[in-house]
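Enquirer: All residue numbers for the sequence shown refer to this note's numbering, where the first residue is 286 and numbers rise by one.
Take these hints with a grain of salt, some might be off.
As the list claims (entries may be wrong) - Below, in silico cross-link-like pairs of lysine-lysine (DSS-like), each with a Cα-Cα straight-line distance of 25 angstroms or less:
(1) K463 <-> K514
(2) K541 <-> K414
(3) K494 <-> K463
(4) K663 <-> K769
(5) K812 <-> K466
(6) K809 <-> K663
(7) K765 <-> K809
(8) K812 <-> K665
(9) K414 <-> K383
(10) K612 <-> K365
(11) K518 <-> K541
FYI, nobody ran anything at the bench for these hints, they're computed from the structure. Owing to the predicted nature of the structure, the values given are computational and were not obtained by experimental measurement.
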Amino acid sequence: MVFARKVWHFLVAIKDGLVLLFMLLFFFALYAVLTTRPSAGTMVDGALLLRLHGTVVEEPAVRDPLEDLFAGADQPREYKARDIVRAIELAATDDRIKAVALDLSQFGGGGLVNLQEIGEALDTVRAAKKPVLAYGMAYTDDGMLLAAHASEVWLHPLGGTFIMGPGGNHLYFGDLLKRYKVNVHVYRVGTYKDFVEPYLYNQASEPSKEARRALLSAVFEEWKRDVAKARPKANLQLVTSDPAGWLAAAQGDAAKAALSAGLVDKLGDEVAFGERVKALAGEDKLDDAPGSFARNHYETLLAAHPEEEAGDAVAVVTVAGNIVDGKAGPGTAGGERIARLIDEANTDGAKALVLRVDSPGGSVYASEQIRLALERFKAKGRPVVVSMGNVAASGGYWVSTSASRIFAQPGTITGSIGIFALLPSFEQTLADFGVKSDGVGTTPLSGQPDILGGFSPEVERMIQSNIEHNYGRFLGLVAKSRGKTPQQIDAVAQGRVWDGGTARQNGLVDQFGGLDDAIGFAAKSAKLEQWHPQFYGTDADPYASLLERLMGEDEDSSEPGATDLAGVMAVQQRARLASAMAELQWLGGVRGAQAYCLDCTVPARGVTAPTGSGWLAKAASVLGLR
């Protein structure tokens, strides 16, 4: 008994110690939350420093603190494109901002449309006679797209500029699945609905290649036009047509090759870059370390200029990421959550609504939930307008059919009007191990679909029939929205993906313009004299600052990224490997009819995006409709 009492006292002591520890952690967390939010009072005369150590997205995803802190997930930070654009535009007019400094040394990329909008904002700063300086350790497509808009582009002497361009190989699992006798049942409508092809074949079909060539060529031309306009002296023809010869001419020195091709202006490390910014924006009075300069972070600048809310509200609801059933998001478009936000705007009496779509598609059921919520809003005689971002394809187009006007950009990826369902079964695999299936049923549907014993012919016919019906419904929704017949829409549908310019020509898009253009059109349609946008579902997480500090994501901290060609490619291949594994795992998921595209790749969490290739991933992720 004496021993038992000692053990008990020891356990109680451990319990008391843990309680004390967690109380200390709680009060530390509360203190951090209350003291680390940006405030307007911390503005100084100096530069606006945009240290983009992560990816630019339409809507940042919710981060799991437990996963981040204890599972060691290597997730890049996500920056909301609208916040970055607004901060840069404010820098053009705020007298305290003397220059804009872009640190792209760990930039993970973003969508083409979002990056073009940031580029336009940087042009506004330069038009205000304020310098814009960019620094990178290795520029690829996305990084170069932003850097091209700078008045000075700096590159680390060990780095380089590597323009990859869109495209590349996709893994096809058809022979692998046949080897293990997995029977993949595919039900689809659309010649170009190629999302299912990797699970059926060992190579891409000709229709798939035809559509992808047209799309990727158009998107790459849009990228080249933007870079050439912003940086006319860049020799893009040499860099993209003969990259090996271009590098060899510089004796393998990638930094000097970039300099000779006019892609960059200066070679120097981060200290030299910081000294240059200091000469333009002033010295940091609190830090005399080499390369330090007076600076403001974008959150501080935004806090110093709160948005005005005069007049009537034009609601803005964002559909970003894969469209899925349920309440998922932000960063993923849970159909139930998005529908609830639209109904909330409806109840609040918003005079008009803009749906901002940046999605490759997803669940047909979730897409229909969102569309019906928009119809409820329209039923009160108020306008609904769609603004397409980087991608609005498949399910992303389904939710757009309620709009009276669709805005997009030439680089927007859209269309992919098609539908499919995909289910695996393993009866042949089990038969090889001597496992057979047998039983009795009361109807042809008893126990069906049976993924272990095989599908009955009746189930096969019924699912295909239902998919065809839903495709017809999709055509009907688009036809009604576009003022055309289903037959006319079918000619540009069939699961084919289009760039924004071609989509405008074939009537799937009404006009070019960004989110602000769509909001202005919605306000005008509602006959509003004074108005302001009200964004739904975008409240900041009050614990975000604490999480970032615990994860070591201080804006003033920096770790070196890849500099040479081998390092850049290693990062890309790491992401590709994780993506391939995620695509194979996707086959085992349970889901209904889907509206996705082949190059709407299944995201793999915990993998940093390849430097400067985010928009390429978007282009590659929209060539099918799940």
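Enquirer: Each of the hints needs a verdict: does it hold here or not?
Expert: Hint check results:
Between K463 and K514 the alpha-carbon distance is near 50 angstroms, which puts this suggested pair outside the 25 angstroms criterion. Taken as a hint, the K541 and K414 pair is broken in the structure, with Cα atoms around 29 angstroms apart against an allowance of 25 angstroms. A distance of roughly 23 angstroms separates the Cα atoms of K494 and K463; the hinted pair therefore holds under the 25 angstroms criterion. For the proposed pair K663 and K769, the alpha carbon gap of about 20 angstroms is at most 25 angstroms, so the pair holds.
Between the alpha carbons of K812 and K466 the distance comes to roughly 62 angstroms, so the proposed pair goes past 25 angstroms and is violated. Of the pairs offered as hints, the one joining K809 and K663 holds, with about 16 angstroms between alpha carbons and a cut-off of 25 angstroms not exceeded. Restraint check for K765 and K809: the C-alpha separation of about 23 angstroms stays at or below 25 angstroms, so the hint holds. Distance hint between K812 and K665 is fulfilled; the C-alpha atoms sit about 15 angstroms from each other, no more than 25 angstroms.
Between K414 and K383 the CA atoms are separated by roughly 9 angstroms; this keeps the pair inside 25 angstroms, and the hint holds. A threshold of 25 angstroms between alpha carbons decides the hint, and for K612 with K365 the separation of about 21 angstroms falls inside it, so the pair holds. A hinted pair counts as satisfied when its Cα atoms are at most 25 angstroms apart, and K518 with K541 qualifies at roughly 15 angstroms.
Of the hints listed earlier, those the structure fails to meet are numbers 1, 2 and 5, in rising order.
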